[in-house]
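Could you build all of it, start to finish, from the sequences and the hints given here?
Here's the letter readout for the chains.
There are 4 protein chains.
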Amino acid sequence: MSTPLPSFVQALAVLALQPFSELLRAELTAFHTGHAELRVPVRAVLSQQHGFVHGGVIAYAADNAVTFAGGSVLGPAVVTGGLSIQYVRPARGTTLHAVADVVTVTGSQAVVRCEVLTDGDDGETLCAVAQGTVRLARPVPAR
Amino acid sequence: MSTPLPSFVQALAVLALQPFSELLRAELTAFHTGHAELRVPVRAVLSQQHGFVHGGVIAYAADNAVTFAGGSVLGPAVVTGGLSIQYVRPARGTTLHAVADVVTVTGSQAVVRCEVLTDGDDGETLCAVAQGTVRLARPVPAR
Amino acid sequence: MSTPLPSFVQALAVLALQPFSELLRAELTAFHTGHAELRVPVRAVLSQQHGFVHGGVIAYAADNAVTFAGGSVLGPAVVTGGLSIQYVRPARGTTLHAVADVVTVTGSQAVVRCEVLTDGDDGETLCAVAQGTVRLARPVPAR
Amino acid sequence: MSTPLPSFVQALAVLALQPFSELLRAELTAFHTGHAELRVPVRAVLSQQHGFVHGGVIAYAADNAVTFAGGSVLGPAVVTGGLSIQYVRPARGTTLHAVADVVTVTGSQAVVRCEVLTDGDDGETLCAVAQGTVRLARPVPAR
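Chains as they are written, first to last, in my numbering: chain F, 1 to 143; chain U, 1001 to 1143; chain B, 2001 to 2143; chain H, 3001 to 3143.
Just so you know, the hints here were simulated from the structure itself, not pulled from any lab data. Misleading hints may appear alongside valid ones.
[As the list claims (entries may be wrong)] The calculated label-pair distances, taken between Cβ atoms and stated as ranges, are: (1) B:2122 to F:33: 54 to 60 Å; (2) U:1043 to B:2025: 35 to 41 Å; (3) H:3120 to F:34: 45 to 51 Å; (4) F:33 to U:1050: 22 to 28 Å; (5) H:3017 to F:44: 50 to 56 Å; (6) B:2009 to F:77: 19 to 25 Å; (7) H:3033 to F:122: 21 to 27 Å; (8) H:3025 to U:1050: 33 to 39 Å; (9) U:1124 to H:3008: 38 to 44 Å; (10) B:2034 to F:138: 18 to 24 Å.
[Stated by the list, open to error] Residues on chain B that point at chain F, a partial pick, calculated with CB under 8 Å: (11) 2025; (12) 2035; (13) 2082; (14) 2084; (15) 2107.
[As the list claims (entries may be wrong)] Chain F is nowhere near these chain H residues, computed Cβ spacing over 12 Å in every case: (16) 3027; (17) 3075; (18) 3125.
Because the structure is a prediction, the values reported are computed rather than measured. Note that CB positions come from ideal geometry on N, CA and C, so glycine has one too.
This is the structure we're talking about:
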C-alpha cells in the first residue's frame, strides 16, 4: 500500500470530523497498528426504555472502533463492509469502552474483532462481542 | 405465550421511552405482527466525516427495527441477541428507513431480516441489509 | 461486467467439478439470475449424534447456494466472502433444500439471503436462515 | 449448572457419534474448559472446483469446534444457535485446523470465537475467522 498509515493525531482528526461521534461525545483513547479503542461517556440520553445503554449506541461504538482499527492497517480511506455483533449483557456504568483488534489483513480487507465493555464501580463488564470487515473505500460518486 | 402482543400504540409508547431514539428523532411508522418500520430524519449531526449518514446510525436503525419486529411476535419484553449487518451503499438523502420482517419464530426467539434504505429525490436506495435474533428478555437484576 | 453470466448448464458443470458437493450428492435444482437452489439428499452419514442433519451440512448447503446465487449475477469467478447463519430448528426429513436470493449487487459484491429447509412427510420446515456476501475472486497465486 | 462438564474422553465420544464428522475424518485434538480444537485431514474429496478445501468443510470445522468449545463450559447438551464466518484465504495444505475459544458465558449461552487454519509446508495459514453462539439445547420433540 502506498498510502502512509495514519498517526494517532490523524485518527483523532478523523473522529473530530464525524458529527455523529461528536454528538455521542466519543473519544479515541488508543490507536496503533492493528488496534483502536473508543470511549463513549454513558449519559441518560443514550439509554433505552429500561435505562441501559441503547443497543444502537453499542453498535455505533463497535462499528466505529472496528473501522478505526481497520484504518490503522489499511490507511484512512476505508469503509466497514459488515459487522456481526452479539449483545451479551445489559450495558450500564459510566463509560462505554470499545476495544478493536485486527485479526488478519488480506489484500484490501481487514477482519477485525471488537469487545464492548462498560466501566463501573465494579470494574469492566463485557456487554457485546463483534466481528467486522473493513475494506479500502471505492471512490464515491459526487452527489 | 400468555403475554398479549403489543399494539401499534403500545409500540409507539415504548419508542417514546427510549431517550436515544428521541435524540435521533426516530419514528415508528409501521408496526403489525411480524413487521416494523422505523424512520430517522437525516440531519448533518448524524453524519460521518464524508457527509454520509454514520454507520452507527444505520446500525441503530436496523437494531431497533429488528427489536420492534421481534416484539411484535414475542411481546414487549424482548432483547436483541445479535445482529449481522452488511453496509452496501453510502447513505444520504432525507430519511433513513429501516424495514424489518420476522422470518421465523421458534420458542422464545425470532429471526428477523431488515433492510435500511434512504429516501431521496430519486426514490429509495438500499444502504444496508441485516439479519438479527430477538428473544424474550431474562429478568435483569436490579442495579 | 464483460464476463457473460453463467447458464444453468454451466452452473451444473461447476457443481459437478466440486468433489465435496459430489460427496454430499448435492444437486443444483434451480439457477437463474439472482436465484439458486441446491438440494442434498438426507442420509444417515450426514447426521450428528442425535440423528439430525449435522450443522456443518446445513452450513455447506447455505454457503454453496449463496455462492451460486452470487455467481448468477457476478459471473462464474466468485468467492463467498462471509456467511452469517442462524440455526432455527433441528433438520430431519428426506431432503435438505437451500434457497438463495440476491438482495443487492454493488460493484463487485452481491449480498445474498438463503433459507435452508427440509422436506418431510409434513411439508417443508425451515431449519436455518443465512445472509452472505459473494464477490469477484481475485486471482489466486499458484502454489 | 448442575450437569458436570464433559471430559476430553466424553467429548471424543460425542465426536465419534457424529457420522458426518466420521465421514470427514475429523479429530478432536484439544478440549478443555473454554477451548476446543478440531483437525480435518485435507483430502481431494473435500475440495471445490479449483482444488481448494470447500467452504462448506471450513464452515463445518468452525461450526463443530465452536459447538465443542461451548459444550466445554455449558455441558454436553448444547446446540449452536448461529455462526458468522469470514473466509479470508483459500484453504490448501495437509490439515484443516479449527481453534475455538469461549469469549464469555451468560446464563445458558456462550459466545465463541474460532480461527480456521491450514497446516502446510510453510506453517499455518489463517483461512477463516468465525464467531458463534452456543446455548443449552431445548428438548427436541420426538418425531
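Checked hints:
A hinted range of 54 to 60 Å for the beta carbons of residue 2122 of chain B and residue 33 of chain F is consistent with their spacing of about 56 Å. The hinted window of 35 to 41 Å between residue 1043 of chain U and residue 2025 of chain B is violated, with their beta carbons roughly 55 Å apart. The supplied range of 45 to 51 Å is broken by residue 3120 of chain H and residue 34 of chain F, whose beta-carbon atoms lie about 24 Å from each other. Residue 33 of chain F and residue 1050 of chain U have their C-beta atoms about 24 Å apart, which keeps the hinted 22 to 28 Å range intact.
At roughly 52 Å, the beta-carbon separation of residue 3017 of chain H and residue 44 of chain F lies within the given 50 to 56 Å, and the hint holds. In this structure the hint that residue 2009 of chain B and residue 77 of chain F lie 19 to 25 Å apart at CB is violated, the actual value being about 42 Å. At roughly 24 Å, the beta carbons of residue 3033 of chain H and residue 122 of chain F sit within the given window of 21 to 27 Å. Separation of residue 3025 of chain H from residue 1050 of chain U is about 50 Å and departs from the stated range, judged on CB atoms against 33 to 39 Å.
As the Cβ distance of residue 1124 of chain U to residue 3008 of chain H is approximately 55 Å, the hint placing it in 38 to 44 Å is violated. A hinted range of 18 to 24 Å holds for the C-beta pair residue 2034 of chain B and residue 138 of chain F, which are about 22 Å apart. Hint status for residue 2025 of chain B: violated, given a least beta-carbon distance of 31 Å to chain F, over 8 Å. Taking 8 Å as the C-beta contact cut-off toward chain F, the hint placing residue 2035 of chain B at the interface is violated, the least distance being around 22 Å.
About 7 Å separates the beta-carbon of residue 2082 of chain B from the nearest beta-carbon of chain F, less than 8 Å, and the hint is met. Among the interface hints, the one on residue 2084 of chain B holds; its C-beta lies about 6 Å from the nearest C-beta in chain F, closer than the 8 Å criterion. With its C-beta approaching chain F no nearer than about 6 Å, residue 2107 of chain B sits inside the 8 Å limit, and its interface hint holds. Non-interface call for residue 3027 of chain H relative to chain F: holds, since the shortest CB-CB distance, roughly 25 Å, exceeds 12 Å.
No Cβ of chain F approaches the Cβ of residue 3075 of chain H within 12 Å, the least distance being about 19 Å, so the stated non-interface status holds. With a cut of 12 Å on Cβ distances, residue 3125 of chain H falls inside the contact zone with chain F, its closest approach being about 10 Å.
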